[in-house]
Amino acid sequence: MTEKDLVKGCIREDRECQKEVFRRYAGKMLTVCRRYARHEMEAEDILQDAFIQVFDKVHTFQFRGSFEGWVRRIVVNTALKTFQKSAYKKEQIGIENYPDNPVAPMVFSNLGEADLLNLVAGLPDGYRVVFNLYAIEGYSHKEIAELLGIGESTSRSQLVKARKMLQSRVLELQKVASF
Amino acid sequence: MAKIVRIGQQKRPLANQDIMKPNHPTDRIFREKLGDLPADPPMHLWEGIERRRTPAHRARLLARRYWVAGLLLFLLVGGGLLWGLKNNASDLVSQPLIVSTPVAKSENPVSNNAQTTDTPKSAAEAVTPATDAPEGGRLNEKKDAPTSRAPFFSTKAAREKAGSGANENQTVKTGDHSIFSQKNTKSVHADKSAIEATGVPVAAISEAQKMEMRLDIPARLGVHSAGVTTSDLSKPMVSPLTMAPEVVAKKRSPRLGCPEIEKGKKFNIYLDAIVAPEYARRTLEARSPDHVGYLKARETTEKSRFAASGGLRLSILTKSGLAFRTGLIYSQISEKFDYHIGNAQQITITPIQLPDGTVIMDTTIVFGDRFITTYNRLHLLDIPLIAGYELGYEKWTFSLNGGAFFNFLFRQKGKFLSPDLTPVSFSSGDAGAYPAFRDHVGVSFFGSLSINYALTDKIKWVVEPQFRYFPQSFTRNDYLLDQRYLTAGVNLGLRVQL
Chain A
0 MTEKDLVKGC IREDRECQKE VFRRYAGKML TVCRRYARHE MEAEDILQDA FIQVFDKVHT
60 FQFRGSFEGW VRRIVVNTAL KTFQKSAYKK EQIGIENYPD NPVAPMVFSN LGEADLLNLV
120 AGLPDGYRVV FNLYAIEGYS HKEIAELLGI GESTSRSQLV KARKMLQSRV LELQKVASF
Chain B
0 MAKIVRIGQQ KRPLANQDIM KPNHPTDRIF REKLGDLPAD PPMHLWEGIE RRRTPAHRAR
60 LLARRYWVAG LLLFLLVGGG LLWGLKNNAS DLVSQPLIVS TPVAKSENPV SNNAQTTDTP
120 KSAAEAVTPA TDAPEGGRLN EKKDAPTSRA PFFSTKAARE KAGSGANENQ TVKTGDHSIF
180 SQKNTKSVHA DKSAIEATGV PVAAISEAQK MEMRLDIPAR LGVHSAGVTT SDLSKPMVSP
240 LTMAPEVVAK KRSPRLGCPE IEKGKKFNIY LDAIVAPEYA RRTLEARSPD HVGYLKARET
300 TEKSRFAASG GLRLSILTKS GLAFRTGLIY SQISEKFDYH IGNAQQITIT PIQLPDGTVI
360 MDTTIVFGDR FITTYNRLHL LDIPLIAGYE LGYEKWTFSL NGGAFFNFLF RQKGKFLSPD
420 LTPVSFSSGD AGAYPAFRDH VGVSFFGSLS INYALTDKIK WVVEPQFRYF PQSFTRNDYL
480 LDQRYLTAGV NLGLRVQL
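Here the protein sequences come in this chain order: A and B.
When you line the first sequence up against numbering that gives the first Met the number 0, it's residues 0 to 178, in that order.
When you line the second sequence up against numbering that gives the first Met the number 0, it's residues 0 to 497, in that order.
Hints were generated in silico from the structure; no laboratory data involved.
None of these values were measured; they are calculated from a predicted model.
Cβ atoms here follow ideal geometry from the backbone N, Cα and C, with glycine treated the same way.
Mixed in with the good hints there might be a few duds.
Selected chain B positions facing chain A (Cβ under 10 Å, derived; list incomplete) [as the list claims (entries may be wrong)]:
#	residue
1	F29
2	E31
3	K32
4	L33
5	G34
6	P37
7	L44
8	I48
9	E49
10	D289
11	K295
12	T299
13	K302
List of simulated lysine-lysine pairs, DSSO-like, C-alpha gap at most 27 Å [what the hints assert, rightly or not]:
#	chain 1	residue 1	chain 2	residue 2
14	B	K302	B	K457
15	A	K56	B	K335
16	A	K18	A	K56
17	A	K56	A	K3
18	A	K27	B	K295
19	A	K3	A	K27
20	B	K32	A	K174
21	B	K265	B	K394
22	B	K262	B	K318
23	A	K80	A	K18
24	B	K32	A	K27
25	A	K80	A	K27
26	B	K457	B	K264
27	B	K264	B	K318
28	A	K80	B	K335
29	B	K318	B	K412
30	A	K80	B	K295
31	B	K335	B	K412
32	A	K80	A	K56
33	B	K295	B	K394
34	B	K32	A	K80
35	B	K295	A	K56
36	B	K318	B	K394
37	A	K7	A	K18
38	A	K7	A	K27
39	B	K335	A	K141
40	A	K27	A	K56
Could you put the whole structure together from the sequences, leaning on the hints where they help?
So, in structure tokens, the structure goes:
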């Protein structure tokens with residue numbers, strides 16, 4: 000079945016088409032959810048909520064651009080709604096708490112996907128969301144500011160803090176590994 | 000809305016700051032490894048999705064998706080049905096039961112008690128007791144004797160008197176009714192079936208038969224004869240069985256048509272008292288792309304609760320079916336604002352007395368989340384100006400209405416998030432509150448299909464599905480978001496004719 004047929008079937012509330020859409024895209028979208036969630040259960044909740052939104056709003060898809068990109072956008076928006084906006088503004092952790100020793104990027108490339116996911120999951124909510132949106136989804140700070148209702152400068156500072164925290168966590172991992 | 004940038008593909012130009020600063024290597028690694036990470040589809044979650052998307056949920060979705068089309072279809076079908084019924088009603092118009100026939104007036108009216116000059120023999124022959132009407136009701140012709148059939152007498156005395164003489168022309172009055180009896184009238188055998196049948200079209204009965212019917216019926220009814228008038232054939236017979244054709248037609252075949260207006264009046268006036276449970280659909284739009292985030296924050300923290308309206312309406316209904324309505328309508332829209340402030344702790348200190356008399360203070364600290372919950376209310380007072388078209392069918396009345404509501408009072412009170420995402424109060428009565436809303440919401444457009452059922456002659460039950468669209472935003476032009484409404488509900492109430 001082509002993507003167009005699947006979408007039309009979903010608009011008609013055809014259960015088989017909806018199940019096929021879920022089968023095709025849920026795996027990738029779960030990975031997206033894991034990056035935003037604090038733990039696996041939260042990721043699954045976000046995924047469920049997101050696909051309910053997908054099926055409820057599929058009639059608004061105008062067959063412009065990729066359907067996967069449209070689904071991903073809904074998943075990201077659903078993930079963002081999980082967190083209160085205050086999380087982005089009122090993070091208590093300051094830059095000064097982390098050492099200013101930049102870690103070589105190769106250190107990250109030596110880590111597996113699961114480790115990287117765990118590192119991202121360990122970030123505070125605000126850092127994690129901004130890091131995901133900027134570093135992985137590719138949004139600009141201006142777009143992130145609009146999405147989250149924060150200022151551009153807040154978005155930039157959250158990103159910097161996120162990177163520093165990731166570096167710090169990697170250093171800790173290395174120390175543990177060396178033991 | 001931001002577009003997703005695929006890994007390895009630049010689908011949009013980078014912002015200036017991003018161009019100047021190269022891709023951070025850390026970001027690149029995370030993006031390459033986690034961006035499109037495949038995973039097995041978690042099919043165990045599919046059942047959860049199926050459970051939550053119940054048939055009721057799907058039905059609600061379809062209703063929300065197609066409600067405008069549904070409402071338009073409903074109004075179109077309702078209007079078409081009314082129009083079709085009205086046009087088809089002409090097939091149902093019936094013939095009158097009894098022909099309105101002319102009655103001849105005699106120059107020599109003969110009363111019940113006196114005045115026939117028939118010979119006894121002819122009178123005897125002619126007498127027909129009222130309780131024993133002759134079959135077919137014959138008129139015997141006597142050329143020689145100035146006899147005439149003294150038609151119908153209900154008393155013996157009257158019968159005897161009828162034999163005492165005869166006038167050439169006699170009419171027998173039966174109460175208010177006159178029957179023509181003409182000299183030298185040939186006897187005519189009335190068609191019994193024609194007399195007994197009701198609703199026989201006029202064209203199927205000959206003139207002679209009509210005459211017999213006129214003569215026969217009072218006898219069958221036992222009606223007293225009084226006198227006979229002749230010769231004025233243009234005057235209609237008045238008989239208890241004769242009804243105005245339009246009355247007969249209505250009684251035999253009710254049809255959809257223009258409403259009945261009281262005699263002597265050009266229009267009827269009604270007073271409607273109505274209340275309506277409603278659903279209010281709110282639309283929020285950011286006036287600038289920079290405020291999309293704020294829009295989402297408000298959408299997340301506010302939910303629609305209920306809406307309702309009620310009021311009094313005066314209707315003027317004309318004979319042509321056109322109706323004009325005005326009045327005073329109060330409406331309310333209620334929404335709920337839920338906002339998570341953050342973590343909070345609640346400390347409770349309870350004094351406890353020990354057995355030895357010592358009092359200690361037991362301190363309990365409860366950690367939890369703190370929310371603000373407020374029920375926001377929007378109040379409107381409007382004057383409607385509505386035109387409608389009404390049709391009646393027996394006890395039912397249907398009308399299609401459309402018009403405008405003119406708002407002259409708009410009050411609001413509650414809380415929402417300000418553009419800097421902190422909860423603030425809005426209130427029309429407080430100069431210090433956040434100034435988001437207008438003083439008036441302007442004109443709104445109204446449409447409805449009213450179905451009324453007559454409980455009595457003057458009182459009708461009203462059921463009226465309706466909708467109302469507010470084209471103007473409820474918020475001021477200098478506020479970041481455009482907030483509009485569309486309400487739909489069912490008016491329920493009573494209509495009293497004044």
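Status of the hints after comparison with the structure:
Interface hint status for B/F29: upheld, as the beta-carbon distance to the closest one in chain A is roughly 5 Å, under 10 Å. Because the closest C-beta pair between B/E31 and chain A is about 8 Å apart, less than 10 Å, the hint holds. Annotation: B/K32 was flagged as interfacial toward chain A, and the flag holds, the nearest CB pair being 5 Å apart, inside 10 Å. Interface restraint check for B/L33: the shortest CB-CB distance to chain A comes to about 6 Å, inside 10 Å, so the restraint holds.
With a cut of 10 Å, the hint placing B/G34 at the interface with chain A holds, because the nearest CB-to-CB distance is about 5 Å. Taking 10 Å as the C-beta contact cut-off toward chain A, the hint placing B/P37 at the interface holds, the least distance being around 6 Å. Here the hint on B/L44 is kept, as its CB sits about 5 Å from the closest CB of chain A, short of 10 Å. Interface restraint check: B/I48 against chain A, minimum CB-CB distance 6 Å, threshold 10 Å, status holds.
At about 8 Å, the closest approach between the beta carbon of B/E49 and any beta carbon in chain A falls short of 10 Å, and the interface hint on this residue holds. Because the closest C-beta pair between B/D289 and chain A is about 6 Å apart, less than 10 Å, the hint holds. A distance limit of 10 Å between C-beta atoms decides the matter here; for B/K295 the minimum to chain A is near 7 Å, and the interface restraint holds. At its closest, the beta carbon of B/T299 sits 6 Å from a beta carbon of chain A; the interface hint therefore holds under the 10 Å criterion.
Interface restraint check: B/K302 against chain A, minimum CB-CB distance 13 Å, threshold 10 Å, status violated. Distance check on the hinted pair: B/K302 and B/K457 sit about 43 Å apart at the alpha-carbon level, beyond 27 Å; violated. Between A/K56 and B/K335, the direct Cα distance comes to roughly 24 Å. Compliance with the 27 Å bound is thereby established for this hinted pair. A hinted pair counts as satisfied when its Cα atoms are at most 27 Å apart, and A/K18 with A/K56 qualifies at roughly 16 Å.
Pair hint A/K56 plus A/K3 holds up; C-alpha atoms about 15 Å apart against a cutoff of 27 Å. Among the hinted pairs, A/K27 with B/K295 is consistent with the structure: their alpha-carbon atoms are about 25 Å apart, no more than 27 Å. With a CA separation close to 19 Å, the supplied pair A/K3 and A/K27 stays within the 27 Å bound. For the proposed pair B/K32 and A/K174, the alpha carbon gap of about 23 Å is at most 27 Å, so the pair holds.
As the CA atoms of B/K265 and B/K394 are separated by approximately 21 Å, the hinted pair is consistent with the 27 Å bound. A C-alpha spacing of about 11 Å is found between B/K262 and B/K318, which places the hinted pair at or below 27 Å, so the restraint holds. Pair hint A/K80 plus A/K18 holds up; C-alpha atoms about 25 Å apart against a cutoff of 27 Å. Only pairs whose Cα atoms come within 27 Å are accepted, and B/K32 paired with A/K27 is accepted, the gap being roughly 13 Å.
Using a Cα cut-off of 27 Å, the hinted pair A/K80 and A/K27 holds, with the two alpha carbons roughly 20 Å apart. A distance of roughly 15 Å separates the Cα atoms of B/K457 and B/K264; the hinted pair therefore holds under the 27 Å criterion. With a C-alpha separation of about 9 Å, the suggested pairing of B/K264 with B/K318 holds against the 27 Å cut-off. Proposed proximity of A/K80 and B/K335 is supported: the alpha carbons are some 18 Å apart, at most 27 Å.
Between B/K318 and B/K412 the CA atoms are separated by roughly 46 Å; this puts the pair beyond 27 Å, and the hint is violated. The straight-line distance between the Cα atoms of A/K80 and B/K295 is roughly 9 Å, inside the 27 Å bound, and the hint therefore holds. Annotation: proposed proximity of B/K335 to B/K412 holds, straight-line Cα distance about 12 Å (limit 27 Å). For the given pair, A/K80 sits about 17 Å from A/K56 by alpha-carbon distance, which is consistent with the 27 Å threshold.
The suggested pairing of B/K295 with B/K394 is violated, with an alpha-carbon distance near 52 Å, which exceeds 27 Å. The hinted pair formed by B/K32 and A/K80 meets the criterion: a straight-line CA distance of about 25 Å does not exceed 27 Å. Restraint check for B/K295 and A/K56: satisfied, since their Cα atoms lie roughly 16 Å apart, inside the 27 Å limit. Between B/K318 and B/K394 the alpha-carbon distance is near 17 Å, which keeps this suggested pair within the 27 Å criterion.
The hinted pair formed by A/K7 and A/K18 meets the criterion: a straight-line CA distance of about 13 Å does not exceed 27 Å. A threshold of 27 Å between alpha carbons decides the hint, and for A/K7 with A/K27 the separation of about 22 Å falls inside it, so the pair holds. At most 27 Å may separate the alpha-carbon atoms for a hinted pair to count; B/K335 and A/K141 exceed this at roughly 31 Å. This hinted pair checks out: A/K27 and A/K56 have alpha carbons roughly 20 Å apart, not beyond 27 Å.
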